[in-house]
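**Student:** Full structure from sequences and hints, please.
Counting in UniProt numbering, the sequence shown runs from 1 upward without gaps.
Since the hints were made in silico from the structure, they are not lab data. Heads up, some of the hints might be wrong.
[Claimed, not checked] Here are the simulated distance ranges between beta carbons: (1) 33 x 208: 22 to 28 Å; (2) 125 x 155: 38 to 44 Å; (3) 24 x 151: 34 to 40 Å; (4) 110 x 137: 24 to 30 Å; (5) 33 x 62: 32 to 38 Å; (6) 112 x 1: 38 to 44 Å; (7) 151 x 126: 17 to 23 Å; (8) 26 x 104: 32 to 38 Å; (9) 66 x 45: 28 to 34 Å; (10) 110 x 14: 23 to 29 Å; (11) 104 x 188: 27 to 33 Å; (12) 214 x 45: 40 to 46 Å; (13) 120 x 213: 16 to 22 Å.
We treat Cβ as the ideally placed atom computed from N, Cα and C, and that holds for glycine.
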Amino acid sequence: MATALVIENDPTDDLRRLGDWLTEGGLEQHVLRPYDDDQLPDDLTGYDAFVVMGGEQRAYPDEDGTYDAWWLPKVEGLLRKAVRTNLPTLGICLGAQLLATAHAGAVERSASGPEIGPALVAKRDAAEADPLFRWVPIAPDVLQWHSDEITELPRGATLLAASTYYPNQAFRMGERAWGLQFHIECDAAMIADWAAGSTELKELGLSVEAVVDACASVLPDLEDVWQPFAVRFASLAQGELDLPRTTLPLLGR
1 MATALVIEND PTDDLRRLGD WLTEGGLEQH VLRPYDDDQL PDDLTGYDAF VVMGGEQRAY
61 PDEDGTYDAW WLPKVEGLLR KAVRTNLPTL GICLGAQLLA TAHAGAVERS ASGPEIGPAL
121 VAKRDAAEAD PLFRWVPIAP DVLQWHSDEI TELPRGATLL AASTYYPNQA FRMGERAWGL
181 QFHIECDAAM IADWAAGSTE LKELGLSVEA VVDACASVLP DLEDVWQPFA VRFASLAQGE
241 LDLPRTTLPL LGR
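**Tutor:** Written out as structure tokens, the structure reads:
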């Protein structure tokens, strides 16, 4: 089987359902946990895909140039190498933000405040030519849980999905690297853990019970959309998914 290198940035955000879906698609996962002293490789040799998960850390440094975690600059370096070598890559939430900052995009504390709970995002026109997003519904269900947002996409990035107050919801770098600001990996237990430890819910005037129930209610809909998405990513990593080809229409037709 093909193997993906997975960076787990936070013990509360593991692969969960996404890991099951990738396995169903034939893609094994080698998980590194740098918060638990796992060392990161210098390159991605020997891997067929690269996945970077979410976490509570910020994707940008403090004013003195220090990051929330020692390994984040190294993850950025690996993301640059992945894009440069066309390695199938997927960044979730913090992972998407790091994909942006690694290529001179901008991530900041969101002026619209935290975004938490079930939501809809809207596909952009460019998604119709994307090998993963072309099959996603026009307004798919997602789960949101972030206070920072990507305020500026890198030069050359392709915007694939947006929403009103947080416009950069999904994008692609190059041909094979995707960033998702939202979460697709969560199960009910993960959401319950996040809600129990959240300080943002009070800021939004939301109760733990209401958020957990609302998230749990959309999990089947999320699976309908994002399980096939994950399987397509696994197929791409194995060389079994063709990239769309752009063809010009014949004159007079």
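**Student:** Does each hint fit the structure? Answer for all of them.
**Tutor:** These are the hints, each one checked on the structure:
| no. | hint | verdict |
| --- | --- | --- |
| 1 | 33 x 208: 22 to 28 Å | holds (27 Å) |
| 2 | 125 x 155: 38 to 44 Å | violated (19 Å) |
| 3 | 24 x 151: 34 to 40 Å | holds (35 Å) |
| 4 | 110 x 137: 24 to 30 Å | holds (25 Å) |
| 5 | 33 x 62: 32 to 38 Å | violated (23 Å) |
| 6 | 112 x 1: 38 to 44 Å | holds (41 Å) |
| 7 | 151 x 126: 17 to 23 Å | holds (19 Å) |
| 8 | 26 x 104: 32 to 38 Å | holds (34 Å) |
| 9 | 66 x 45: 28 to 34 Å | holds (29 Å) |
| 10 | 110 x 14: 23 to 29 Å | holds (24 Å) |
| 11 | 104 x 188: 27 to 33 Å | violated (38 Å) |
| 12 | 214 x 45: 40 to 46 Å | holds (43 Å) |
| 13 | 120 x 213: 16 to 22 Å | holds (18 Å) |
Checked against the numbered hints above, the structure breaks hints 2, 5 and 11 and satisfies the rest.
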